[in-house]
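Each residue of the sequence shown is one higher than the one before, counting from 0 in numbering that gives the first Met the number 0.
These are calculated hints, taken from the structure and not from any lab test.
Incorrect hints may appear among the rest.
To be verified - In silico lysine-lysine, DSBU-like type, Cα no more than 35 angstroms apart, as pairs:
{"#": "1", "residue 1": "K83", "residue 2": "K149"}
{"#": "2", "residue 1": "K83", "residue 2": "K68"}
{"#": "3", "residue 1": "K68", "residue 2": "K149"}
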Amino acid sequence: MNAHPPTSTPSCQILTLPTVLTLARVAAVPALVAAWYSPAPWAPAACTALFVGASLTDYLDGYLARAMKVTSAFGAFLDPVADKLMVATLMVLLCTRPLPPGLLAGNTWFMPVVTCAVIGREITMSALREWAAALGPEAHSAVAVSWVGKWKTATQMISLTLLLLAHQGAAAAGGVPPLLLDAAGAAGVPLLCVAAFLTVYSLADYFRGLWRFF
Numbered sequence: 000m001n002a003h004p005p006t007s008t009p010s011c012q013i014l015t016l017p018t019v020l021t022l023a024r025v026a027a028v029p030a031l032v033a034a035w036y037s038p039a040p041w042a043p044a045a046c047t048a049l050f051v052g053a054s055l056t057d058y059l060d061g062y063l064a065r066a067m068k069v070t071s072a073f074g075a076f077l078d079p080v081a082d083k084l085m086v087a088t089l090m091v092l093l094c095t096r097p098l099p100p101g102l103l104a105g106n107t108w109f110m111p112v113v114t115c116a117v118i119g120r121e122i123t124m125s126a127l128r129e130w131a132a133a134l135g136p137e138a139h140s141a142v143a144v145s146w147v148g149k150w151k152t153a154t155q156m157i158s159l160t161l162l163l164l165a166h167q168g169a170a171a172a173g174g175v176p177p178l179l180l181d182a183a184g185a186a187g188v189p190l191l192c193v194a195a196f197l198t199v200y201s202l203a204d205y206f207r208g209l210w211r212f213f
């Protein structure tokens, strides 16, 4: 007797639990902006908590999708979009203020330069994937998410969390020990440099994989 194949959620089902978590990450973007500019005493903690929570759901929704076997085309599309929206938004917000205590404290050009590199890479990568999809499955597989892309996203989120903690901790009027703020700022800047390198390197790596199709 033939064994029945395991059942799974149809791909047409959109509102799965992982997808809801991803949608929550998108919804957190305007809340993050509001908390950044809010003068309320609780706003710095809320701003940091929103980004940290969104970063954690980035791991959680992927884990749940695999564990529950509820992957969908919509979820696969939305997940990287949510990541890019959250990262790009926070980077632009960080550009509006000098760097916090720590390495390059008070610097005003570092964040804009890194932000332009990251956003420029994402725009180029989106166009590259569209072009690869038009060329066919073989070309499209050459721009599938690689380990470099995953490490790029992880280092971006960790470094931005540290810089956000340093910024928002300083804004919390003594609610966070100065030593911790200095450590977060000192670690955040070099880690963001690593993230920027991986961002540019991953784009070059994707171009290398597609070179034979030019």
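Results of checking the hints against the structure:
1. This hinted pair checks out: K83 and K149 have alpha carbons roughly 12 angstroms apart, not beyond 35 angstroms.
2. Between K83 and K68 the CA atoms are separated by roughly 24 angstroms; this keeps the pair inside 35 angstroms, and the hint holds.
3. Taking the CA atoms of K68 and K149, the gap is near 21 angstroms; set against the 35 angstroms cutoff, the hint holds.
Of the hints listed earlier, there is not a single one the structure fails to meet.
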